[in-house]
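J.: Single-letter residue listing:
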Amino acid sequence: MAHYQQGDFTAAAALIDRLSPQLHRFFAVQSVSRADADDLLQETWLRIHKVRHTYRPGEPVLPWFYAIARFVRVDHYRRSMRTSARHQQMEDMSTIAAPVSLESGRTDSLAALLAPLSEGEREVVEMLKVEGMSLEEVARATSCTVGSVKQKAHRAYAKLREIICSTRVGKEKAEDRREG
Amino acid sequence: MKDKEIDDVLKKAERVPHGLHAETLQRIAESIRPSLRPVRPLPPPRVMTGGLVLICALVALAGASRAGFYGIEKMDLLERALIFPALFSLAWVAGIGFVHEMVPGSRRRVTTGALLVSVTFLLVGIFALLFRDYQTTHFFSAGIACLLTGLLFAFPAAVLAWLLLRRGFAVNSIFAGLAAGTLAGFAGLGMLELHCQNFQAAHVLVWHIAVVPLSGAAGALIVRIRGFFG
Chain A
1392 MAHYQQGDFT AAAALIDRLS PQLHRFFAVQ SVSRADADDL LQETWLRIHK
1442 VRHTYRPGEP VLPWFYAIAR FVRVDHYRRS MRTSARHQQM EDMSTIAAPV
1492 SLESGRTDSL AALLAPLSEG EREVVEMLKV EGMSLEEVAR ATSCTVGSVK
1542 QKAHRAYAKL REIICSTRVG KEKAEDRREG
Chain B
202 MKDKEIDDVL KKAERVPHGL HAETLQRIAE SIRPSLRPVR PLPPPRVMTG
252 GLVLICALVA LAGASRAGFY GIEKMDLLER ALIFPALFSL AWVAGIGFVH
302 EMVPGSRRRV TTGALLVSVT FLLVGIFALL FRDYQTTHFF SAGIACLLTG
352 LLFAFPAAVL AWLLLRRGFA VNSIFAGLAA GTLAGFAGLG MLELHCQNFQ
402 AAHVLVWHIA VVPLSGAAGA LIVRIRGFFG
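Line by line, the protein sequences give chains A and B.
Convert by adding 1391 to the 1-based position in the first sequence; the result is the number in our numbering.
Convert by adding 201 to the 1-based position in the second sequence; the result is the number in our numbering.
Read the hints as simulated data drawn from the structure, not as lab findings.
Incorrect hints may have been included.
Covered stretches of chain A, going by a simulated chain B footprint (3 or more residues, C-beta under 8 Å) [said to hold, decoys possible]:
1. 1426 to 1433
2. 1437 to 1449
3. 1459 to 1469
4. 1512 to 1524
5. 1564 to 1570
We treat Cβ as the ideally placed atom computed from N, Cα and C, and that holds for glycine.
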């Protein structure tokens, strides 16, 4: 990152190669289309490039990237809300779960698995459990406290537990019926 | 079902290919190449916070030097020794909050909203201990004059603070506006403490302290309106 700030194109390209899959997954998990995820990724890198001086060498780099990715996603959501003229508050976005569910058949994809969670829970689980970031890093990326991250992760796990268990029970019943 | 099992399900789901093309990455890299030149990182947070607090102190001093230092002249030594260091410390805390809002990925001990509430309650606590004159004369007329004066001096402090951190990037502009307004409110409050010689508890607790939350709310509102029309 320090080399990128010094104008080294090789360092910039290496960062793009290394972090883009993670950031792309971050957008894809939010149930946006593949094309949207590509656009958001590109927009994120342009924004990162524009504000690269705000990264302070020595600070954790991932929270800085994710904080900007979150900003781009929220901004994109806000703009799409404006164009669709739906006057829904942004707060609703964090509480309403996406409509995709496990029953849609995409049980193997991360986006489908996390779809029933709220926006905030989804991003916390994605950063914490999929990307392997620490609680402190997730708190920095999401501009909230460690306590709040813990609470969201706890709620998300309770929901996931319920969903996975009910899906398994459903599958077992279906298999029993087939065998019977 | 244990957490470990959920972790395994998530790990398994993560292995599904993300479908990101190499051409996309190439395109992104090429798009930033023309404007790739060295940049100077932001200074350390304590330097930025120091600058912000200095702005507030200078605005308060400039205001009081124009209007008169009647308040500080009337205070006894204990009041001076408690009020101004407390204002300095709380302004420093608000300054840290503003700096964190302007630097993506900063560490947060408390949210900006909680910061504003706790700073206001701390001010009420400190001032309630120091001001024991419970008479209320000209409560509204004198109070509104002080409130407007405080807000008037908060405004230039907010503009200067925003200029100082203009190279920053607010991932949540409303919270940044709230933090900037709260910090600027301390310039207004500081000016009032230096200038106002009305030491009635109700006057100080209501009208002087109200400058801080109102200035914070005004900061958030201005950013919200600007964002709405922008």
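J.: Give a verdict on every hint.
T.: Here is how each hint holds up against the structure:
Requiring three or more residues with a Cβ within less than 8 Å of a Cβ of chain B, the coverage given for the segment 1426 to 1433 of chain A holds, as 3 such residues are present. Note: the segment 1437 to 1449 of chain A has 9 residues with beta-carbon separation from chain B under 8 Å; the three-residue rule is met and the coverage holds. Counting residues of the segment 1459 to 1469 of chain A whose C-beta sits closer than 8 Å to any C-beta of chain B gives 3, which meets the bar of three, so the coverage hint holds. Note: the segment 1512 to 1524 of chain A has 3 residues with beta-carbon separation from chain B under 8 Å; the three-residue rule is met and the coverage holds.
Counting residues of the segment 1564 to 1570 of chain A whose C-beta lies closer than 8 Å to any C-beta of chain B gives 0; at least three are required, and the coverage claim is violated.
When each numbered hint is compared with the structure, a violation occurs for hint 5 only.
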